[in-house]
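Q: Those protein sequence lines, which keep their order, are chains A and B. Take the first sequence: its letters are residues 1441 to 1715, numbered as in this note's numbering. Take the second sequence: its letters are residues 38 to 426, numbered as in this note's numbering.
If you're looking for bench data, these hints aren't it; they were derived computationally from the structure. Heads up, a few of these hints could be off.
[As the list claims (entries may be wrong)] Quick list of in silico lysine-lysine cross-link-like pairs, DSSO-like style, CA-CA up to 27 Å:
#1 A:K1588 / B:K114
#2 B:K188 / A:K1521
#3 B:K141 / A:K1596
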Amino acid sequence: MLEIQFQLVKEKRMNKILFLVQNINLIPKLKEKKVDIFVFPLSFFCVGIPKTFTINQITEDNAYIFVNRILNSKDANKLNKLLHKLPNNIKGIIFDDIGVIKMLEDVKIHKILYNTHFTTNFESINHLFSYVDDIIISTDITEKQIDKIILKANKKISLFTFGLVPAMYSRRLLLTNDSLHYNKKYENPLMLQNGKKTFLAFENEYGTYLYHYPYYNGLRLLNKKCHFNFFYTPFMKDNDILDLLDQKLTNIKWDYGFLDTKTIYKLKDIKKEAK
Amino acid sequence: MIELLAPAGDIEKAHFAFLYGADAIYIGGKDYSLRANATNFSKEDIIKVCKLSKSLNKKVYVTVNIVFHDEDLKGLKDYLIFLSNVKVDGVIVSDIVVLKLIQKLKLSFKVILSTQTSVLNEYSALFYKDLGVHQIVLARETLKEDIINIKKKTNLEIECFIHGAMCTSISGKCILSNYMTKRDSNRGGCAQICRWKFNKDQKPFTMTSKDLNYLDYIQAMIESGVNTFKVEGRMRSIYYIATVVLSYRRIIDKIINQTLTNEDKKYYLKVLNKVANRESSPQFFKALPTKDDQYYNLDNEVSNQDFLGIVLDFDPKTMIATIEERNLFKVNDNVEFIGPNIKTSKMKIKQIYDDKDNLIKVANKPKMIVKIKTNIILNKYDLMRKEIS
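Work out the full structure, taking the sequences as your base and the hints as a guide.
A: And the structure:
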């Protein structure tokens, strides 16, 4: 089933693939696999991503930059300055902090909002379309809810399609603190386990990101009428990335996230479900 | 105008928050609030608490701060109109759908942006200002320089948390609860996963932050442009709320009157530490937190037993106080009374009478009514607690 869906995409797909870059040397091979747009996590303005790039290091044509930090005033001002003198090869930006919208008011660049966990209903998404060109909607909702949003959104939405889903973003240096307190070896990234659930924690000077592990597999969304499919695989080995784009998921652990699992609003809803 | 804003999980807590010095309270209705499993306020309760606040010349803000899924939108419009009609003073909001609806309906209450939106810079603040926001609850991660910048560039009213539990995550950016329990943290279901232990079988990993305590920074926060000082804890007890609110009320008043001393600070720090069940520390305002601002001893959170009773009545002729017991106390215990209109006063309990005027040695039944003779003039709703030495 999975292979048929993915093949269909390769042959006839209407959507474009946005791919987060970690290894620049892999780009030629990714191009062969028909990746459309390369997204470069921007140094100083990202958390949770091991490899980031300064503007000068991004030489790819039609490149997009990725900014996922919630920025304090000082760094927001630095980003604002940088956004006003971007080189011509930077065509777009994907960002989380809503303030970037204000920074970009007079900047001609393709604006993609990835406001994690905050785009879960069609009305909010339609309002946000007044400010940005595209929106990567939240992964916290079911496929049914995604379908409703696709149906009711004023414009084509974009979908997080494969990768590690951010589950928590702390400004604290949680791995450093834990290591110092317990006087144990500093490991970064660190896998965290509780019961059957696993999270991958990664820290840089701007904070700590916890990703849900295994990888979120939304490849079945590739056939939806959307604008972009976002692939976000910051810790995946190069070979596994190529396998992923060749439809081979045998070495990659994945699940469907919340695509089939509705979250609970109130505890009484859990009781209702149990009945 | 400096405002002390207190949490209120129900009518009784609202009453105590006002009585002990809050200028305003924030409450959640039965829907759309980020404490989905708290008692919360029915529409009738909201009407009652609005009447109470108006009679006291105080304010009520209502949280409508979940991140909405499509199915939650039903009823939102009617609810906002209801809140406007009953004249709540403000609504605390995080989702743009609510902000736009308030604009469209031209509702007149104050619009307060929830901390859930994690505003840390003036650009985000300006984005929301354009959407009709009057006041912003800044992210708990805000540094002093951020507050100054945001105030200067936006002229918005600034609200900051000053006391209570902290999220390890930047608010709004955590769905650990969704993964671990299916409870949606951005719709009020947070199961506090950041207080759980991970890798228990190997080397344990913990990430819990200590509670927030900005007692030392109130003056600097006022000078930085903070208008509203917010205490966390809609699910906390009346004793906690009364104690924390009274402490900050007195600190703020002393700052305004320029009479705050280091001894005052030490005393109120002791009081605030005694009422909490976790360690607390100032975090973020002056500097980023370190390992010392986390809480590792997760198994040893203490249940506070200091709250002994509420004064229900006081007869100044006989100096007899009628007390509703909340935790065991006995003859010869050293206790103290706090209240909005009394100086905190200590005494030793000499005699306890039950409700039939029989002399007893110990008050040990939940909510039992007893009488004790005091040497202090008390008022209804003063609180009796163990002496803080």
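Q: None of the hints should be skipped; say for each whether it holds.
A: How the hints compare with the structure:
For the given pair, K1588 (chain A) sits about 20 Å from K114 (chain B) by alpha-carbon distance, which is consistent with the 27 Å threshold. For the suggested pair K188 (chain B) and K1521 (chain A), the alpha carbons sit about 21 Å apart, so the restraint of at most 27 Å is met. With a C-alpha separation of about 25 Å, the suggested pair K141 (chain B) and K1596 (chain A) falls inside the 27 Å cut-off, and the hint holds.
Of the hints listed earlier, there is not a single one the structure fails to meet.
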